[in-house]
Each structure stands twice: as C-alpha cells, then as structure tokens.
Amino acid sequence: MTLTRTAATGSRALQGRLLAVAPILLPGTKVSDGGASEMLDAMVGALLEDLRIDHLWLLFVAVSARYPTRDELLDCRRTFELSGPFEATLWLLDTALEGALGSSAPRRDMVLLRDTVLVEVDHTAKHSLHTGVQQVVRELMPRWTRDHHVVPVAWTSNWGVHRALSRRELQRVVSWGRGDAGGPSDDEADSGAIVVPWQCVIVMAEVPFGNAPLRLSPLAQSSGNRVVAIGYDCIPVVSADLVPTLDSSRFVEYLSVIKHAHGVAGISESAAAEFQGFVKALPSQGLKGPAVLECLLPAASGAASSAPHRDRTGRPMVLMVGSFEPRKNHLGVLHAAETLWREGLDFELTFIGGSGWGSEIPDRIAALTQFGRPITVLRNVDQARLDQTYRSARFTVFPSRHEGYGLPVAESLEAGTPAITSDFGSLRELAAGGGALMVDPHDDIALANAMRGLLSDDAELALLRRQIADRPPRTWDDYADELWTLLVAPLLLPER
Amino acid sequence: MRSPRLGSRRAISSKVAAAAGHIDSNPRRTHRELHSRLQTLLTTLGGTSGSSTGDLLDGIAFALADGAVDKMWLALAVLSGQLPDTPTLVRACRQAELDGPLAALGSCLSGRDDPSGGGGVVRRRVEVLTDRVVVDLHHTSGANFTTGIQRVAREVARRWTTTHDPVLVGWTKDYSALHQLPEATAGGSQGDNGTRPSAISPADSDRTTIVVPWRCTYILPELLGEAGRVDRFQCLAHHSGNHSAVIGFDCVPMTTGETSIVGMGADFAHYLAAVAHTERVAAISEAAAREFQGWRHMLEGAGLAGPDIAAVPLPVESPPPSDVAMEMAREQLAIVGMPMVLVVGSHEPRKNHRAVLHAAELLWRDGLTFSLLFVGGNSWNSERFTRALHDLQAAGRPVHAVRALTDDLLRAAYAIAYCTLFPSFNEGFGLPVAESIASGTPVITSNFGSMREIAQPGGALLVDPRDDHDIARALKSLLTDDALRASLARETRARPQRTWEDYAEESWNYLVHGRPPRPPGQ
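Here the protein sequences come in this chain order: P and W.
Numbering-wise (my numbering), the first sequence opens with residue 1 and increments by one.
Numbering-wise (my numbering), the second sequence opens with residue 1 and increments by one.
Treat the hints loosely; a few may be bogus.
As the list claims (entries may be wrong) - Here are the simulated lysine to aspartate or glutamate pairs, EDC-like style, with alpha carbons at most 16 Å apart:
no., chain 1, residue 1, chain 2, residue 2
1, P, K280, W, E286
2, P, K30, P, D41
3, W, K15, W, D99
4, P, K288, W, D464
5, W, K476, W, E491
6, W, K15, W, D70
As the list claims (entries may be wrong) - Okay, the calculated bits of chain W under chain P, using three or more residues with CB under 8 Å as the criterion:
no., segment
7, 153-160
8, 392-406
Calculated directly from the structure, the hints in this document are not laboratory data.
Given the structure is predicted, the values throughout are model-derived calculations rather than measurements.
C-beta atoms are modelled at their ideal positions from N, C-alpha and C, and glycine is treated no differently.
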C-alpha cells in the first residue's frame, strides 16, 4: 500500500470513527455528510464548552483508535482546560499519532456499542489452553450467548483497544470441543473493526494480560462504562511466596482495575473474602471499591458412583491432578506416600499435570521412581483420558496450600471419586458438601493418616462415595444464570 | 507413630560413628568450626556438651528425635551457618522423619560450602542469642540516604538502644545470616541527616560471626525486599519459635500498584507473605492499619490468621531551623513580595505533582501572585511532571524545583512557606503534612487516609486530590484570605504534642510486649 493510500485509508477510518461517536458528542446535529476535520472541530468545540470526562474519553478513543491511559486522559483534560480549539485539536492528533506507530488500529473502523454487555475473553479466545479460568469461560459463554445479548471481545495486538473475535476465536469460546479449534491464533480479527463501549457493562471474565490494565483502569473509572469481574482468587498477592514473580506483578496491575470496578463475583466464599479484604483497604486511598458478591462455581455432584476401580495389577491408584508448582504441595503428597510405602502399603501414585515451574518436584519423583516406587506422571492428557483416570482412582489427593476454587477436587467428585483436600478456604467449602476428607496441608502426618485410612478402609471409602451421590446438585446453567442475575442484570437499563 | 524408625540410641550410634568420622576428617580449621557449632547447638538444646564429635552428634540426634520443627530450624541455622528458608527446613524435617535427624543434617556437616552460597560460610563463627530482643536494621544501617522508612527506623532504634537493651543486627552480604551491628549504628546526634557513612563492616570476611536468635523477639522496623532475606525472614517468623513483629508502613505497592515501579508490587507481596507469619504489625497510622487489616482479611483464603495489627501513629515533630538556615531560605528559596507555596516529596505519580502544577497554572492565569517550590528528586515515571514544569518555567511562571535540601534548610523552607501542598493519592503517613504542621505552616492535603488523620487536629485544608479544581480552590482561598491562613496557623500550634520518645515507647511496648497504645482521648 502506498503512503498516500495509507493516509487516505486512515483519514476515511477517522471520519468513520467520528461519525460513530457523533450522536453522543454532537447530539442533535446533522453530521451525515461532514468531513473528518469539520466533525473534529465541532466535537472539540463542544467539549471546550462542557468538559465532561466521559465525552473526553470517547473523543480520545475515536481519534486515536485506542483507549487512553490514566495519564493520557488527564493530560487531555488539562490541555483542553488551558487551550483554545486549535491547540486542543492539535494535541489530540499529536497524541493519536504518537500511539499509532506499529499499530493497525488507526486505519480501522470502529463499532460503537451502546447499552450492551461486553465480555472480555481475550486469552481464552486466542489460545487453546484449557486451565481453570478458560474452563469457566468456555462453560459460561455458550450459555450467556444463548440466553442474553452479549458481545465477546479481545484486545488488539498492541493492547490498545477491544475488538471483536474472529470465527475461530469465537469457536474457542462458545463451542469448545466441537470441531477443530486448535492451532495458533489467526490475524484475521486484528484487521477488523475495533469495538468501543459506551454506557455498557464490561465483564472481565479473565485476569487481563499485557498493558490492558493501564487502559482498563481509566475506562472503569471515567468512561461511564461499568466494569465488573469474576474474582477467581488473590493468590499472586496473598501467597506470593508460592507463585512466579511475574504473576504477582500482573495481579497488582489487575487490582488497579478492580479498585474502580462496580462489582466482583467471587467464585467461592474464600475468593470473595480475598477481594473483600482488598476492598477494605481502599478507604485509605479515598476509594470505595467494588461491591463484592459470591457466585459459587458449580460444585460437582457425582452421579457416576460405582465400585472402586483397580488398575491391571490390582494395585489401588491414588491420583493427584495439578501442575508441578510448590503451592499444590506435591512434595507433601510424595512424602506421605513414601511414609506409607515404607510401612508396606501397596498402591500406585499418579500425577496428571506436569508442567509448572521449579525442579524440586520432578527431581523427587525421579529419585523415588529410581528407588522402585510406583509413580506415574501423565502429561497432556485429553478430557476423555482425564475422566477415565479420575474414575479409575481409588481416591484423589489435593492438599493445596491456596486455591480460589480447587478444580481437581470438583472434578474428582464429579467422577464419583472421593478426595483428600485441605481444611480451609475454598477447598473446605468444596469438601463440606460431602465426599472428601480434610487435612491440614502443612501436616504431612495428617495427610499420611488420611491416605492410609482410605487405602485400607473400604467402608470409609464407600461412605464417602455415598456422600458424593448425595451432594446437592449445582450446574453450569445455575452458575451462568446466577452470575448474570447478581453481577450484570442490576447494571442494565430496564428492558425496553 | 511419629518416628518409629529412629530406633534405639544404640542403633543411632552406628550412624553417628560414620558421621563423626567424616567430620573429623575435615581440615583442622573447618573441623574446629564444625566442632564448635556442634557444641553450641547441643548446649542450646539443653544437652551436656560432650568432648568427642561422636558424643556431640549422639546428643544432638537424641535432642532432635521428637521431630520439633523449631529445633530443626535451630540445628540447620547453627550447623550450616545460614538461616534456613522454608523449603530447606521442610525438606530437612521430612528427611529426618524418614531417615533420622543426622541424615537430614548431613549436608550441613560436610564441611564444604554450599555451592549456591557466596563462600566462606563454613568458616563463619556461630553464636546463639537467647531471650533477647533483636532489631533488624540492615538496610537503614547500610544506606547513606534517608527515606521516610529509614528515618523512622533510625529514630526508634536510637531511642530503643537508650531505654532498652536490644541487639541490633544486619545481614551478611549473601543475605543468608544475621550478624550483630555495633550499637553506634542506631546512634548519631540529633539532627543527623543520614549522610553518615555505613557502620557495618564492609565485607564478610573469614572472621564473620553470625548470630542465631533462639527464643528471642525479632523486630523489623524497616522494609525488606531482598530475595534471600525475605525467604529466611519468613521461615524465621513461621517456624523458628522466635517471636516476631514489624513496623507496618503501608500497603501502597499492592493497593496503589498503578503508581509504583513495575516489580515493586511483587517484591512487596513477598514481604507480606512473610509478615503473614509474624505476630504483630505496628502500623504507622490508622490508615496504614486499615490497609494491613484489609490484607489480613485476604489471608483467609490461604488458611492463615495473620498478625495482630494496631495503629501506633508516628509523631508530628520537627525541631526549629537554625537562624543561618532561615536567612538562607529567605534569600534562596523565596521571591521577595511573593508568598511561597512549598511542595515536598519525590515526583512519582502517586504524589500528584502534575495536578499541583495544573492547579497553580489555573490560579496564575487567574491573576494570583505566589511562587511555587518543589523539594524532591525525580523518580519513576516523573517525565510528565518534568515536561510540564519546564513548560511553565518557559512561560515565565515563578516555579522552581530543587532535588534535596539539608534537614535544617528544609525545616527553614517549611517555616518561611506561606502554606504547603500535599495532595497525594495514598500515604502510610504523609510525613510532609506532619512536618508542615509541626513547623506552624498550614497545609493543603487529601481528604482521606493518613493525610486526613494527621490534619484532623487542625492546621490543614482538605481537598479531593483527583479534582484539580478542588486543589486550586483551596489554594486560592488560603492565598486570598489572610484570616483563614492565620487561623490555620494558630491551629497548628494548639495541637497536642507527640514526640519521637512517645512513639518509640509505644511501639516498643506493642512490638515487644503486645501492649497496644491507648486510643487518643483515653
């Protein structure tokens, strides 16, 4: 594309974006045939008359094709306060140009959404990972897109502004597991229109990556849109000793958005308590913070109880699912298992998860395996294999030191397999419904005792299995409905 | 059930003999140090000190046979010459449970330096401190500059050393162990501006004697972020059986991360993960206490109760400046015939200096006459401020910025200022608010948090720091209303006095004895 054509595209795109915001910034004015510069002059003029911060935010977005950072928005307001129309317009165009390098956004059209619900699903859309957060998104979005008018959005590649999903991305979000959704993210979506909310509700269904929080924070505070979030946990700042440093840094940036959000729905009582604690700290900086609600993820009810399974050798199998990281307490499980093996108990220990960080867990597994202990590590298992392994375990162990929810316990119960887990926080909540034993995860002896009990006492195991069958049912439909009712519906205009 | 495999003392003895032989085969110097560590450990654990290495090991194995975690912490610390971190301690406890305590201590008895360490560890002399109050002044004693935190640590340590008998400690260069600091570290004359050279021996040498606290109270009156130090501090607080308590300055890096340098939040979260296992946090204001209480609430998900938290507010005290400084300040820091508005603090975004410039420009355009003086260094992300400052200077506005002043000259600046401005977004205490009021100069500050708290007894106007116009309005009302200014100045003098002595005593009573200060008005 030649320079001239690029400029022409840019100018046409700018005109289109200004047209999109004209009904808001120039209400009652007929602008249908206006050129970009006439419209821009009129909009700057209107703002110089009445310097509304939300209008300023919107004009900035229309001109720059990106959301302003807090500094950019304040600079913009201060410049407008001290300048005439010419300098103000120049500043806007200058600043737009500053951020335009390396971005295709300024050449792109803009879709302005009004009074709509946007759901930020960036990571789930772009990647085929299927860990805790992505699983929630992939259960939630098919139901919300079916029952309500919602628009799933991702970020442009430079974390400047939201955009719609490509077909393939949409498939990863709303029809996961049906048809091919693999492969790397395509660029198709990164050339389409940017999506800008006006008086909308934005649901943060994930913890954002990159520079997104820089632009989300002022959006939540000043744009007139309302931001709400699913609160998974605050592990990166509460148990920073158990997570990679980068996670903690990213989470602190996330909290800078949360402080200006309207609501956070914790996925467990414990997750809600963590966010509530953060909110309690906010008056010291003159902020009220979001309302913190509880909307509990579905805790499984195991329909599929059957007789205890055994593997081919007739040796009972104990399963632990979770990536190899210190927080999950694999080393405690290995120690308890070794204690029991030395006592002469015969069982196999299976780990599913693998990846993670640090070398101490694989090293310890290698040492024990070399010594002849029956340990199996399975990586990259598909859903069918995972389900089957859950079912063939005598019981599972998940004595984690900190979880927002504890998916492996829920999955275990779903499969009808009793679990041993930690006696506090979200894991305690999960276990309280029946089918699980609770131990102090810092007490290796208690863990070994619990494992010994379930390995040797068929009656106790059977009792837990019956408890699983009696757990009160809660489905993903329940969760999706309740989340909408609690978190989103109160912010919507009455049905028109 | 706990340790069935430990067997009889006789069974231990065969292992002991092998271990003793190994130790005794070390070069003489290493052997002497190891032998002395074994003796120190056994004596501390209440055993009778034997003479042969075998006897010592036998006694230690017997003393550790109950599997107590605190004793294993002590054993690792004394024998390795390094305070253990939690993974190391847990690993040793697990190994002790499976194979006996001597197996768990094996690597400490090798006489070789841990290859990951900085070297020289095997030659450290190890002393155990029992039943003392240990004050960690590592950063404060080594720094040749003064932040607010170091100022507090230095002021309390100086007074604690006079009225109580604490042991002042710092860390070895590799952050693996504590060593005693000379008492003079906390000293320094009144008016010490923090430029005194470091009192610590500059390098760890062969002669380094490290101290291991046992049944002590460990007090941290500063912030700690160094990787090795925070991990070992966490383990000490959690598992060593020592009491521990900290002065809590604020949770700003977590709660106001958008105004902090990238990475600061993660370091701070690490520090908090360690503080979670201490017994007490003496927060420097009610607002800081509130932040720590919010954080403690967050611990619920990790199954931790967290420390007790009490507000022990810092004093509002400032000695008068010298006549020389007053004269110098009048000549150099003010413009004759113009009221001077003073802003103290580094130009980091949290301090909101960009809003101050904007509010000032609005008033200058309005025709008001005043000069504006910033005292404080550049900082992370201060470019926007610097650019705006230069623009205003280029436009001829009477605004100046100096990086730093001596304490005396700064106090003179406070004294000659017409008023000060401190519209920060979040502060654990807001020292410039206190200093302004202590100097008798009215201050305009934020209408929440510690700033409102300090301002409450009088001498301040409160504003919304997120509203440039609110700041401008308050400044305008002070500049145009002499009576208002005079009445605020009167209020600063009528405030109840609170001194560093009061603070040092209250914080000691709370940190060491758990006696919270009486709330004001009782």
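**Request:** Below or equal to 16 Å on CA atoms is what counts here, so check P:K30 against P:D41.
**Result:** Holds - the C-alpha atoms of P:D41 and P:K30 are around 14 Å apart, at most 16 Å.
**Prompt:** Regarding the pair W:K15 and W:D70, is the alpha-carbon distance no greater than 16 Å?
**Reply:** 23 Å, violated
**Asked** With a cut-off of 8 Å between beta carbons, are at least three residues of the segment 392-406 of chain W near chain P?
**Response** Result for this restraint: violated, n = 0.
**Message:** What's the verdict on W:K15 and W:D99, does the C-alpha distance respect the 16 Å limit or exceed it?
**Reply:** 11 Å, holds
**Prompt:** Between W:K476 and W:E491, is the straight-line Cα distance small enough, at 16 Å or below?
**Reply:** Answer violated: W:K476 to W:E491 is near 19 Å, above 16 Å.
**Prompt:** Taking 16 Å as the top limit, are the C-alpha atoms of P:K280 and W:E286 close enough?
**Reply:** 13 Å, holds
**Message:** Hint check: P:K288 vs W:D464, CA-CA at most 16 Å. Holds or violated?
**Reply:** 14 Å, holds
**Prompt:** Would you say the segment 153-160 of chain W counts as covered by chain P, given the rule of at least 3 residues with C-beta under 8 Å?
**Reply:** Result for this restraint: violated, n = 0.
Consistency with the previously given hints fails for numbers 5, 6, 7, 8, ordered from lowest to highest.
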